[in-house]
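Peer 1: FYI, in mature numbering (1 follows the signal peptide of the UniProt record, and there is no 0) the residues of the sequence shown are -23 to -1, 1 to 137.
In short, the hints are calculated from the structure, not lab data. Each hint can be trusted.
Listed next, the in silico DMTMM-like pairs over lysine to aspartate or glutamate satisfying Cα-Cα at most 20 Å (straight line):
{"id": "1", "residue 1": "K24", "residue 2": "E106"}
{"id": "2", "residue 1": "K16", "residue 2": "E49"}
{"id": "3", "residue 1": "K16", "residue 2": "D85"}
{"id": "4", "residue 1": "K92", "residue 2": "E51"}
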Amino acid sequence: MRTTAHLILCLLGCLVLSPGLEGTKTQVCPNGWLHFRHKCYGYFKEKITWANAEAECQNYCPGAHLASVLNEAETNVLAGYISTNSPAGNVWIGLHDASANRKWQWTDSSISNYKAWAPGEPNNWMGKERCTELLASSGYKLWNDVSCKVSRGFICKYQL
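Please put together the full structure from these sequences, using the hints given.
Peer 2: Below is the structure:
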């Protein structure tokens, strides 16, 4: 039921380019989502695997993916947003090593040289760490590579 309600809210929010009374365009994020620099971000406490989190983001809204974090300003805004929403541990973001070749890619195909790896990361511990989480212990500002099969909360993002 909760997922259905979020889906309905997102679908309503995704109708972001609707004509106003005078032909102007309106940009709105779903209720409870963060609006920052023409993008919407939604944090979900439900703990699921990385692949399921990416699928959930795509189901919430056309063009939505696990969040790409492309600069320090975005890092700080997301850290504050997650922290004020009673977070429950580490949080999935959209950076992954899909080909197991240590070439990290964002699920939304963003390109950025920005990196916020925690010290010693990515370390590919036991050769099984292909997904990325925001570390609660860093105030959601640093990244860690981790197995995609563990369950985490997640943050979605889409462009307005």
